[in-house]
Amino acid sequence: MSSEAYGELMKQINQGRFVFTGELEPVKTTNLEEVIEGARTLKDHVVAVNITDNPTAFGYMNALVPSYLIQREAGVEAVYQMTTRDRNRLALISDVLAAGALGIKNILALTGDHTTVGDTPQAKPVFDLDSAGFVYMLKKMVDEGLDLNNNKIEEPPKFNIGIAAAPNANPLEPEILKIERKVKLGADFIQTQCVYSVEQAENFMEAIETYSIKTPILIGVAPFKSIGMMEWMVKFVPGIKVPKEIQDVLRKAKKAGGKEPVYEANTEIFGELLKGIRKSTKVAGIHTMAIGFEWIVPKIIERAGFRTSKG
Amino acid sequence: MIIVKQKHLSKILEMTKDFKKLLIVGCDGCASVVQVGGERQAKILKSLLEMEKKMKGEEPTAIKAISILRQCDRQISATALKPWMEDYDGILCLGCGVGVQTLAEICESTPVIPGTDTKFLGMHDTKSDKFYEMCSACGDCLLFETGGICPITRCAKSLLNGPCGGQTEGKCEVGGWKNDCAWILIYNRLKERGRLDLFTKFRAPRDYRVSEHPREASIDSDEGKSSNE
Ligand code: SF4
Ligand code: SF4
Chain A
1 MSSEAYGELM
11 KQINQGRFVF
21 TGELEPVKTT
31 NLEEVIEGAR
41 TLKDHVVAVN
51 ITDNPTAFGY
61 MNALVPSYLI
71 QREAGVEAVY
81 QMTTRDRNRL
91 ALISDVLAAG
101 ALGIKNILAL
111 TGDHTTVGDT
121 PQAKPVFDLD
131 SAGFVYMLKK
141 MVDEGLDLNN
151 NKIEEPPKFN
161 IGIAAAPNAN
171 PLEPEILKIE
181 RKVKLGADFI
191 QTQCVYSVEQ
201 AENFMEAIET
211 YSIKTPILIG
221 VAPFKSIGMM
231 EWMVKFVPGI
241 KVPKEIQDVL
251 RKAKKAGGKE
261 PVYEANTEIF
271 GELLKGIRKS
281 TKVAGIHTMA
291 IGFEWIVPKI
301 IERAGFRTSK
311 G
Chain B
1001 MIIVKQKHLS
1011 KILEMTKDFK
1021 KLLIVGCDGC
1031 ASVVQVGGER
1041 QAKILKSLLE
1051 MEKKMKGEEP
1061 TAIKAISILR
1071 QCDRQISATA
1081 LKPWMEDYDG
1091 ILCLGCGVGV
1101 QTLAEICEST
1111 PVIPGTDTKF
1121 LGMHDTKSDK
1131 FYEMCSACGD
1141 CLLFETGGIC
1151 PITRCAKSLL
1161 NGPCGGQTEG
1171 KCEVGGWKND
1181 CAWILIYNRL
1191 KERGRLDLFT
1201 KFRAPRDYRV
1211 SEHPREASID
1221 SDEGKSSNE
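These protein sequence lines map, in sequence, to chains A and B.
Residue numbers for the first sequence follow the numbering used here, beginning at 1 and rising by one.
Residue numbers for the second sequence follow the numbering used here, beginning at 1001 and rising by one.
Just to be clear, a hint being listed does not mean it is correct.
Taking lysine-lysine and the DSSO-like style, the derived pairs with C-alpha atoms no more than 27 Å apart in a straight line are [unchecked claim]:
1. A/K184 / B/K1201
2. B/K1007 / A/K140
3. B/K1043 / B/K1017
4. A/K124 / B/K1007
Hints in this document: simulated from the structure, not taken from any laboratory.
Chain B on its own, in the form it takes in the complex:
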């Protein structure tokens, strides 16, 4: 899922200070799973903002908190926003960057402010209650030859033929030898499976045209499929 983090409250106050009527819009998708942008968080944030203003003796902002099933769906968002969008002079979005832009396209005349920072595509490990970055949407997935471990994302240098000289006892130089070196993970897994041939194989430089921005895809046509031979 997409991992988002709420921006610091002071930053949110600063970004929204000119609005008299503010609509906080949560998202029930990824942002709610990471407990940042769901309906509950939208309501909590509303109370926090109101309290801050009160404490500072500033003029109160009229705030309403709602939540949308999936902000990244344009039609769902348009329907959900319709009853409200005319009444507010600012929208604070708690979804990811896709959500912010979707809302901004729908409410052309109202500024939409990001209340979160969109971090990465990650896995949630409920045991450690942490989120781990797993994929960077490179557009040309090679997990089939790396033992299901993504070197593009989990190797700090996105090496195709790692590990680099910076690994020590399976740990990566980036961040001070605390994180696992993705290439040692890959090596161990492939070795276990008797597939070191996949490790030693030379992976030639990638064609970065497949991840050139901005990308688009469609469900029905072949355009959506990767065309790498």
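Chain A extracted, bound-state conformation:
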């Protein structure tokens, strides 16, 4: 029951190739050089790159423009992330049509973090649709050429629809039931938040199989740019479980000599993680998140012993 492929990401998944995706974050600037440079770095190693949409509710540049530009300037397919936090259904329709016009092939449908956790917490949150409602809307636009009110779209957009998942959700069952619902509504692929051990990936995939969900899953993996970032996440983000051994190895590396050893330890740890996940689960690929140090992604992939997804 594989989905029709509208872009390279879905095409490679359908061909049964193990795929990698990357992630880039346009920030509070009008300068997109870094994002395009990041896309160039990732280009030969991943099949597509997600462009985040005001992540953790920080007011950044609109994600559609960089999604378009990395395709045009760097030649990398984009996964345009869209949250329902900042747009009502009218604005969603507008942006989806615009994305279609600009040749975007993948949309990741998200609810989005709440406005109050971001850098503009006074904002009025929208949440006119939730992510399930958004998947429903997208599917209708793509397959039937209709909007939510059954108004006809002249030339309907063609995308593959992605959804996010929380592999470490506790309790896990409601999360799996939610994924199941969005799959039934028409999600083509799933990208997860990050895991830090093979076991976390295994547990999640086991639950997915129990519910007979066949939709391809890309497990999220996020190396640590710095020890500070790791410490912060361990301390302040409940639900993120970084095994103690990983924490220790990274701390030790930092003590031994600062940045370089930390990067090397990252490559080692996450390379092993990728290898382990591939070996012991049936995931379709890995979604890598290394914002601001994209150069480490090819190293990790290589360390895991993969030829790159385009290779």
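Mind docking chain B with the ligands on chain A? Use the hints.
Same frame as chain A, now just chain B with the ligands:
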């Protein structure tokens, strides 16, 4: 009931500073239950305002404190205000926002000042002595399929098909994982009842026309009933 909180005293002083004769009007309805706007509170506030002025050496305001059975009833309020409204150049209302506007419609020529902030529709738990928001008057109640727990109000994102990725161990990302995630509460209750079918069901985007402002309803005619098929 409607949960109100008294505004800060300095704010009330600022808002009422130009009045020579001030009528404080409490409400014996919701506002008195939350111990903000009843007759007793109206009298206490009168003393506080008088004291403040005295301490600052300002010219005293002539203040009277009364209370109305239910400010949100236009006829009751009109009758109760009649003996007083001509004599005062300002009215400080301790009811909810509905009360303030009802009084303002009755006393067209006298400014009515809100002495409270109207917060939400809530339940009083006398044990913890707290008030909890329970309903946002969405106009299309779906409690029958969510185990009697309102996701529109108690889920920070008003999700129809939750929980979102922000929940951890049953707690919500909003407010720093202290409050219960409404969707985990719903999941647990429906599971307990063997009704996970209601959890997994897809709830399509809502029709927000039913809660378009301003709304009106009437007791006798069908207009008052929701017409959603
Ligand atoms: S579903 Fe609507 S009417 Fe029912 S409790 Fe929630 S907000 Fe109130
Ligand atoms: S954590 Fe739960 S209550 Fe909070 S926004 Fe997400 S679904 Fe709603």
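Results of checking the hints against the structure:
no.: 1; hint: A/K184 / B/K1201; result: holds (11 Å)
no.: 2; hint: B/K1007 / A/K140; result: violated (49 Å)
no.: 3; hint: B/K1043 / B/K1017; result: holds (18 Å)
no.: 4; hint: A/K124 / B/K1007; result: holds (23 Å)
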